[in-house]
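Make a model of the complete structure from these sequences and hints.
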Amino acid sequence: MFSLCCQKLDEREAVQKKTFTKWVNSILARVSCRISDLYLDLRDGRMLIKLLEVLSGERLPKPTKGRMRIHCLENVDKALQFLKEQRVHLENMGSHDIVDGNHRLILGLIWTIILRFQIQDIIVETGQADQTGRQETRSAKDALLLWCQMKTAGYPNINITNFTTSWKDGMAFNALIHKHRPDLVDYGNLQRSNPTHNLQQAFNVAEKKLGVTKLLDPEGE
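Numbering (the UniProt record's numbering), first residue to last: 1 to 221.
Read the hints as simulated data drawn from the structure, not as lab findings. It is possible that part of the hints are untrue.
[To be verified] 25 Å max Cα-Cα, derived BS3-like pairs, lysine-lysine:
| no. | residue 1 | residue 2 |
| --- | --- | --- |
| 1 | 209 | 168 |
| 2 | 151 | 209 |
| 3 | 209 | 18 |
| 4 | 209 | 179 |
| 5 | 78 | 22 |
| 6 | 18 | 168 |
| 7 | 168 | 208 |
| 8 | 214 | 22 |
| 9 | 168 | 179 |
| 10 | 151 | 78 |
| 11 | 208 | 179 |
| 12 | 214 | 18 |
| 13 | 141 | 214 |
| 14 | 84 | 62 |
| 15 | 62 | 18 |
| 16 | 141 | 179 |
| 17 | 22 | 209 |
| 18 | 84 | 50 |
| 19 | 84 | 65 |
| 20 | 22 | 208 |
| 21 | 50 | 214 |
| 22 | 141 | 17 |
| 23 | 179 | 214 |
| 24 | 17 | 84 |
| 25 | 208 | 17 |
| 26 | 141 | 151 |
| 27 | 50 | 78 |
| 28 | 141 | 18 |
| 29 | 151 | 179 |
| 30 | 214 | 151 |
| 31 | 17 | 168 |
Source: prediction; values computed, not measured.
Shown next, in the form of structure tokens:
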């Protein structure tokens with residue numbers, strides 16, 4: 001039982017690594033750069049600095065020249081310091097964790113960067129307001145989840161409660177596309193019993209028709 005749990009965790013980490021690597025490369029492609037290994041290619045801090053510059057549109061301190069450990073630590077620290085200045089909470093994470101290739105913390109760092117620069121600005125019209133009359137705001141992750149729930153409300157066979165199991169059959173991905181571009185998806189003919197087809201269709205349509213980089217593989221869902 002324990003070995004099975006470990007295998008599942010390893011599989012999940014492999015999917016996360018592959019997905020985050022694709023995402024990083026989709027950003028770095030804007031400046032004609034790319035990485036091959038998420039755990040290795042961020043260790044000297046140079047690509048991490050470049051990634052943050054592309055996402056933020058700001059100039060970070062110039063990377064320190066040299067390939068020694070001290071130089072790598074300095075560069076990663078520059079990136080982490082920039083994130084702290086952006087009020088990004090980096091719990092129990094130091095530059096040595098990235099330089100040493102800590103898998104869990106590197107994945108956590110990339111997810112934190114995604115939340116800060118690609119999801120945080122989502123504002124959901126909940127219809128609820130605080131005492132000052134301002135629209136209720138939520139955490140980036142909660143706001144994204146609520147947005148998905150609102151956009152797919154009324155679609156049969158969909159109940160989005162998380163960012164994992166609720167998406168495995170591909171119906172939610174197709175519903176989101178259909179909600180905004182009903183001409184691209186024949187939602188009524190989709191079958192929950194054919195998740196691979198549903199996922200492949202959604203990812204292909206999103207990439208070819210909407211310009212959304214394909215970060216996931218149906219086999220990894």
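task = Would you pick out the hints that fail for this structure and give their numbers low to high?
result = Those not satisfied are hints 10 and 15.
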